[in-house]
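Asker: The lines below spell out each chain.
There are 2 protein chains.
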Amino acid sequence: MTKADRSPADHDGGRARLASHPAFQLAQLGSHIKGRFTAHLAPLNIAPRHFDMLALLTDADGLTQQQIAEELNIHRNVMVGLVDELEARGLAERRRHPTDRRAYTVHLLPAGRELLRKADRIFDGFENDELLATLTTAERQTLAELLRRVAAAAGLHRGVHPAFHGSPE
Amino acid sequence: MTKADRSPADHDGGRARLASHPAFQLAQLGSHIKGRFTAHLAPLNIAPRHFDMLALLTDADGLTQQQIAEELNIHRNVMVGLVDELEARGLAERRRHPTDRRAYTVHLLPAGRELLRKADRIFDGFENDELLATLTTAERQTLAELLRRVAAAAGLHRGVHPAFHGSPE
DNA sequence: TATTGTTATACTCTATAACTATA
DNA sequence: TATAGTTATAGAGTATAACAATA
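If you're matching them up, the sequences are chains S and A in order.
Take the first sequence: its letter number 120 is residue 120 in our numbering, and every next letter is one higher.
So our numbering is basically just the index in the second sequence, starting at one, shifted up by 1000.
Incorrect hints may appear among the rest.
Label pairs and their computed distance ranges (CB to CB) [claimed, not checked]:
1) S:Glu139 - A:Ala1088: 41 to 49 Å
2) S:Gly35 - A:Lys1118: 29 to 37 Å
3) S:Glu114 - A:Arg1095: 53 to 61 Å
4) S:Asp100 - A:Val1078: 45 to 53 Å
5) A:Ser1020 - S:Arg102: 34 to 42 Å
6) S:Ala111 - A:Asn1045: 47 to 55 Å
7) A:Asn1128 - S:Ala111: 45 to 53 Å
8) A:His1040 - S:Gly81: 45 to 53 Å
9) S:Glu139 - A:Arg1094: 43 to 51 Å
10) S:Gly81 - A:Asp1084: 33 to 41 Å
11) S:Thr136 - A:Pro1110: 44 to 52 Å
What the hints contain is simulated information worked out from the structure, not anything from laboratory work.
Virtual Cβ for every residue (Gly too), placed ideally from N, Cα, C.
Let the hints inform the model, and build the full structure from the sequences given.
Answerer: This is the structure we're talking about:
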């Protein structure tokens, strides 16, 4: 007996129960997106968390490790290894904080800016040509605005991205 | 020197860069929702994955472990422990497959149905009173429909929920 | 006394491979 | 030869606690 004999793909009765609930749809899509974006970034040898960090440094260069960790919603312990990786690849570097000798500030290097440009193109391509290809421009704007309000109400203001961390799926 | 001296909360320049991109918003919200729903379910001593499984069995009782694993997008190895837990708590039970002696079918027990009812109320309360409280009824429908189309285009049809598995955040 | 960066440790999730009993 | 369930193992990822240097 094979699997097809047992599962005629017809037990789909009320299963759509959850499928029309935004809370469920959002959780499902969020996980899917993280996995897909991770795959798209793989050729650059970076993970979404590196993308997040490079993007943050582009807009706010010279933050301390703690500040970066807070913005990205990750622990400062993890930050250590993250900065280590970027530094080892010449994408960013640590400098002593000008007035607080306990702290390091993190700065983007030219190689980091260039890598971010490539990652940005990958992100845009994924979003426009793959994820949202089925929506019109107006619909994309409507979606973005609704999501913005939901995210704001949830306290997810600013550019923080706890979703892009961790392992996909 | 204190943290506030260094971070006047003003380095928010172009950081909204990603914040208006649906791909990013969805990933961010998905992660947030998983964490919140996990917290809401904690009093019932179950995780979102148990909720998913109970919900699936309600609509399609008697699936084999493999079939459940496929629907929920988890590995069959993990399925073993999951069924073990539900069985130990009297929420579901294994029965020998009527014709394939290698397989077990999984069936919901009364205690499982009751627990699912409670979990359903928690889910609805979270979605309506917390997550989507800021949207009107019409806006919620618009959001659900846009998400449905994006999910369908991504191949996330049916009631599968890879997003509710794993650890939150 | 609190904070920054760091390291060590344990705990959870997940991914792979192998085993058994069946088909 | 392939499949269902199971188990063991190793690998990520994360969370906690502690430490030295500095505030």
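Asker: Using the beta carbons of Glu114 of chain S and Arg1095 of chain A, state whether their distance is inside 53 to 61 Å or not.
Answerer: holds, 60 Å
Asker: Verify the CB-CB distance for Glu139 of chain S and Ala1088 of chain A against the hinted window 41 to 49 Å.
Answerer: holds, 47 Å
Asker: Between Gly81 of chain S and Asp1084 of chain A, does the C-beta distance stay in 33 to 41 Å?
Answerer: For Asp1084 of chain A against Gly81 of chain S, whose Cβ atoms are near 35 Å apart, the range 33 to 41 Å holds.
Asker: The hint says 34 to 42 Å between Ser1020 of chain A and Arg102 of chain S; measuring C-beta to C-beta, is that right?
Answerer: Cβ of Ser1020 of chain A to Cβ of Arg102 of chain S: about 36 Å, so the range 34 to 42 Å holds.
Asker: Taking 44 to 52 Å as the hint, is the beta-carbon distance of Thr136 of chain S and Pro1110 of chain A inside that range?
Answerer: Check passed, 48 Å falls within 44 to 52 Å.
Asker: Return holds or violated for the Cβ distance of Asn1128 of chain A and Ala111 of chain S against the range 45 to 53 Å.
Answerer: At 48 Å between Cβs, range holds.
Asker: Given a hinted range of 45 to 53 Å, is it respected by the beta-carbon distance of His1040 of chain A and Gly81 of chain S?
Answerer: violated, 32 Å
Asker: Can you tell me whether the CB distance of Ala111 of chain S to Asn1045 of chain A sits inside 47 to 55 Å?
Answerer: holds, 49 Å
Asker: Just tell me: holds or violated, for the beta carbon distance of Gly35 of chain S and Lys1118 of chain A against 29 to 37 Å?
Answerer: holds, 31 Å
Asker: Please check whether Glu139 of chain S and Arg1094 of chain A have a Cβ separation lying inside 43 to 51 Å.
Answerer: holds, 46 Å
Asker: Taking 45 to 53 Å as the hint, is the beta-carbon distance of Asp100 of chain S and Val1078 of chain A inside that range?
Answerer: holds, 46 Å
Checked against the numbered hints given earlier, the structure breaks only hint 8 and satisfies all the rest.
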